[in-house]
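A.B. asks: The residues making up each chain are set out below.
Number of protein chains: 2
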Amino acid sequence: MSFKNVIVAQSGGPTAVINSSLLGVYEQAKKLGACKVYGARYGICGVFDGKFIDLDNVLHSLDNELLAMQTPASLLGSCRRRLPAVFFYEARSKADNFVKGSDYEKIASIFKQFDVSAFFYIGGNDSMETVWKLASVFKGTELNSVRFIGVPKTIDNDLEGTDHCPGFGSAAKFVATSFLELDRDLSVYDKPSVTIIEVMGRDAGWLTAASALARLNGAKGPDLIYCCENDFNLDLFLADVERGLSQNKNGRVLIAVSEGLDLKNQCEKFSGEGCDDFGHVQNAGVAKALELVVAKQLGCKVRSFELSLLQRASAHIASKTDVLEARAVGRHAVDLAFSGKTGVMATIQRNSNNPYSVEFSSVDVANVAGRVKKMPANFIAGNFDVSKEAVDWLTPLIQGQISIKFKNGLPAHLILAD
Amino acid sequence: MSFKNVIVAQSGGPTAVINSSLLGVYEQAKKLGACKVYGARYGICGVFDGKFIDLDNVLHSLDNELLAMQTPASLLGSCRRRLPAVFFYEARSKADNFVKGSDYEKIASIFKQFDVSAFFYIGGNDSMETVWKLASVFKGTELNSVRFIGVPKTIDNDLEGTDHCPGFGSAAKFVATSFLELDRDLSVYDKPSVTIIEVMGRDAGWLTAASALARLNGAKGPDLIYCCENDFNLDLFLADVERGLSQNKNGRVLIAVSEGLDLKNQCEKFSGEGCDDFGHVQNAGVAKALELVVAKQLGCKVRSFELSLLQRASAHIASKTDVLEARAVGRHAVDLAFSGKTGVMATIQRNSNNPYSVEFSSVDVANVAGRVKKMPANFIAGNFDVSKEAVDWLTPLIQGQISIKFKNGLPAHLILAD
Chain A
3 MSFKNVIVAQ SGGPTAVINS SLLGVYEQAK KLGACKVYGA RYGICGVFDG KFIDLDNVLH
63 SLDNELLAMQ TPASLLGSCR RRLPAVFFYE ARSKADNFVK GSDYEKIASI FKQFDVSAFF
123 YIGGNDSMET VWKLASVFKG TELNSVRFIG VPKTIDNDLE GTDHCPGFGS AAKFVATSFL
183 ELDRDLSVYD KPSVTIIEVM GRDAGWLTAA SALARLNGAK GPDLIYCCEN DFNLDLFLAD
243 VERGLSQNKN GRVLIAVSEG LDLKNQCEKF SGEGCDDFGH VQNAGVAKAL ELVVAKQLGC
303 KVRSFELSLL QRASAHIASK TDVLEARAVG RHAVDLAFSG KTGVMATIQR NSNNPYSVEF
363 SSVDVANVAG RVKKMPANFI AGNFDVSKEA VDWLTPLIQG QISIKFKNGL PAHLILAD
Chain B
3 MSFKNVIVAQ SGGPTAVINS SLLGVYEQAK KLGACKVYGA RYGICGVFDG KFIDLDNVLH
63 SLDNELLAMQ TPASLLGSCR RRLPAVFFYE ARSKADNFVK GSDYEKIASI FKQFDVSAFF
123 YIGGNDSMET VWKLASVFKG TELNSVRFIG VPKTIDNDLE GTDHCPGFGS AAKFVATSFL
183 ELDRDLSVYD KPSVTIIEVM GRDAGWLTAA SALARLNGAK GPDLIYCCEN DFNLDLFLAD
243 VERGLSQNKN GRVLIAVSEG LDLKNQCEKF SGEGCDDFGH VQNAGVAKAL ELVVAKQLGC
303 KVRSFELSLL QRASAHIASK TDVLEARAVG RHAVDLAFSG KTGVMATIQR NSNNPYSVEF
363 SSVDVANVAG RVKKMPANFI AGNFDVSKEA VDWLTPLIQG QISIKFKNGL PAHLILAD
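Taken in sequence, the protein lines are chains A and B.
Reminder that position 395 of the first sequence reads as 397 in the working numbering, one-by-one numbering, no gaps.
Reminder that position 255 of the second sequence reads as 257 in the working numbering, one-by-one numbering, no gaps.
Be aware that one or more of the hints could be misleading.
Any copy will do: because identical chains look the same in the list, a pair fits if it lies in one copy or spans two.
[Unchecked claim] List of simulated lysine-lysine pairs, BS3-like, C-alpha gap at most 25 Å:
1. Lys-222 <-> Lys-53
2. Lys-298 <-> Lys-266
3. Lys-32 <-> Lys-322
4. Lys-407 <-> Lys-322
5. Lys-409 <-> Lys-322
6. Lys-193 <-> Lys-303
7. Lys-222 <-> Lys-409
8. Lys-390 <-> Lys-375
9. Lys-38 <-> Lys-53
10. Lys-251 <-> Lys-193
11. Lys-6 <-> Lys-114
12. Lys-251 <-> Lys-298
13. Lys-141 <-> Lys-114
14. Lys-407 <-> Lys-222
15. Lys-108 <-> Lys-193
16. Lys-343 <-> Lys-6
Derived by calculation from the structure, the hints in this document are not laboratory data.
So that you can see chain A by itself, here it is in the shape it has in the complex (with noise of 0.2 Å):
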């Protein structure tokens, strides 16, 4: 097939690489001869509004392809739009051609005056469910030809069907930077002390994990480590915290601990309510939970934090390996709608660990959409541990550095105009 305009949206939570996957989907598609390469503003919503950015203003000076590589959360603005249920529309009669005054209609109507041959959506499972509702929907109307291609986004690496996430690699590594740091500070006092440190991750503890990489680099924590992929034990868990007030140097426990962790019935001071708006539970202050718990239960010094927003945000200390990969994707994600796929998500598949090395394939995002993806049980080991073959496999995805320009002593950001 050949391009006349394209569209590119980002949505979901930020990442520190997410603009250079946009910088992949651009650079491609402007290189396989799209007239126009359009970013939707705040996600979907922008389509439904027509809000579009012209993307040659945007990214197409190398200054500007370098500080968007530097500029963490969404260039476009991201959204957290659910678009209706499939199963009416798909069901509706074809000579139809999107059924009146639905949100399907709408974006039909969008895509034919701005004469879209293909949409990129970078984001998480949720906007692969999207990717695979309008894949689903467009299929067999007037817009058959129109690709819709999904480019994986997530600093939780929960996708299913690809080896790893854009995104995770940077967030993989301001944690093990974090705990390397923490590990030095903690390390200054010969009194015992507990730390927790809640790392990002609903449902799957791969951010987690990647608390062990500090031990590369000589620190002796985190002593703990609880990822969701494990039933939590709030008795096994004071019984470890007690060993290694008991038997670690200076009586120092450095914890990391996900998110997602379940304490309900456990600790009575845990709130896992909010829900976001995919219905998902915003479980919140399984750290806090936990500190109350230890200051009740053992009566040492202890105190509780989280990464929160900065671990998807730390494009400052961003992977290399992470960064050129989300633009590779991004490039690949375009490489698939030309060849005439639709309804897939591009991916990472890895050949080996060491030296490390990979290719791009992809997959239906009906493989994608709406799971989740945990980690594979030989990456855990016994309850507050990750295995060595955890440990080689999260190496690779942290290495690099890509050189920040700095700007009044700040990493300089590029920033849209309103």
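Chain A is already provided as a structure; the job is to place chain B on it using the hints.
C.D. replies: Frame of chain A; chain B shown alone:
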């Protein structure tokens, strides 16, 4: 005077550049003829125990010098031990030479045993109290010639007598970078939200003020900055937040709060309990307490977190200005001792902001010990911001980056064997 052996120790909370000061003391002492430069483990505690390291074995090579400059937290360890009050020991009969069995006698005995000419203590205002006590008690004794010199260090920047403190610039750079990246992260959604970030600073708002530097590189926020130099008023705060929700782009409100804000009698959930070993109250939970109030009163999406220990350990994004000044202050401390001074702290005096220029001097530790320097009134702008004067003063301190050596994808650190 000439040097035989000298002792250097580190105390109080770690910083990203405290080892650069250690390096400065070491290299200048060697240059001026010191035979041995001993590093005491765990601050003054290591002196009691005679736990010393010959720093020739640690800092002798260029490789290790460079590693020391990028390793956060006290290489030698730290402590929070307070020496006994001076009045009794000062008033003792000088013929008696240190009261038998006292802490001071133990220290004097170690100093005699190791033939010590000078003692350098890298620390904050509590450490300067220790320097003052030692200088006072040793005066007029047989160890009258031993020099006691303070080397300033604190991310809080609240030491009297010096324009600013080594460690502050790097913490400020991390805080500003974090707010810059958070500003990008929070800009991606077009829905109202409140994000409250707690910055270290028990008694002064210097570090919280540094959040404003994010605006130098295009950040819209922080929208509201509350330093502990202002009295905090909950009703005004809620009105400020409400105005931000209705007036800001996307209704986004990013807030920086000092850990030391006094919320007592204003927030029921606020618990300013707990004391460190010097009796300082450890305020905890300012951001969390405010989050709960905002959620209850304004009913909007709100989250909070603390930058916590990361801000004092983030050597991977240290300010080059800070690193070099920390080293130079260490060297200057040795010069002070060599010129016969005792009971003083090395200081930085600023000649101008632009072009930035400083020189090194000294101040009587009695004017530093136990005192706190708050921000001057002209650095505060209204209830919730800092002034242009503050920004102009802060900006030079975060300039420049050191070229970090990485290993395994993570910053390489210098770590002492146990």
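A.B. asks: Against each hint, give a clear statement of whether it holds in the structure.
C.D. replies: Here is how each hint holds up against the structure:
Taking the shortest Cα distances, Lys-222 and Lys-53 sit within 25 Å of each other only across copies (22 Å), while inside one copy they are farther apart (51 Å). In this homomeric assembly, Lys-298 and Lys-266 come within 25 Å of each other (Cα to Cα) both inside a single copy, at 18 Å, and across copies, at 23 Å. In this assembly of identical chains, the alpha carbons of Lys-32 and Lys-322 lie at most 25 Å apart only when taken from the same copy (24 Å versus 41 Å across copies). Taking the shortest alpha-carbon separations for Lys-407 and Lys-322, both the intra-copy value of 14 Å and the inter-copy value of 15 Å come in at or below 25 Å.
Taking the shortest Cα distances, Lys-409 and Lys-322 sit within 25 Å of each other both inside one copy (20 Å) and across copies (14 Å). Taking identical chains as interchangeable, the C-alpha atoms of Lys-193 and Lys-303 lie at most 25 Å apart only when both belong to the same chain, with a minimum of 9 Å there against 39 Å between chains. In this homomeric assembly, Lys-222 and Lys-409 come within 25 Å of each other (Cα to Cα) only across copies, at 16 Å, whereas the closest approach inside a single copy is 36 Å. In the homo-oligomer, the alpha carbons of Lys-390 and Lys-375 lie at most 25 Å apart inside one protomer (20 Å), although the nearest pairing across protomers, at 49 Å, exceeds that limit.
Only within a single protomer do Lys-38 and Lys-53 lie at most 25 Å apart by alpha-carbon distance; the minimum there is 14 Å, versus 70 Å between protomers. When the C-alpha separation of Lys-251 and Lys-193 is checked against a cutoff of 25 Å, the pair qualifies only within one copy, where the shortest distance is 9 Å, while the shortest distance between copies is 48 Å. When the C-alpha separation of Lys-6 and Lys-114 is checked against a cutoff of 25 Å, the pair qualifies only within one copy, where the shortest distance is 11 Å, while the shortest distance between copies is 85 Å. In this assembly of identical chains, Lys-251 and Lys-298 lie within 25 Å of each other by CA distance solely inside one copy; the values are 23 Å within and 44 Å between copies.
In this assembly of identical chains, Lys-141 and Lys-114 lie within 25 Å of each other by CA distance solely inside one copy; the values are 15 Å within and 89 Å between copies. In the homo-oligomer, the alpha carbons of Lys-407 and Lys-222 lie at most 25 Å apart only across protomers (20 Å), although the nearest pairing inside one protomer, at 33 Å, exceeds that limit. When the C-alpha separation of Lys-108 and Lys-193 is checked against a cutoff of 25 Å, the pair qualifies only between copies, where the shortest distance is 22 Å, while the shortest distance within a copy is 64 Å. For a Cα distance limit of 25 Å, the shortest separation of Lys-343 from Lys-6 inside one copy, 16 Å, qualifies, whereas the shortest one across copies, 78 Å, does not.
Hint compliance for this structure: every hint is met.
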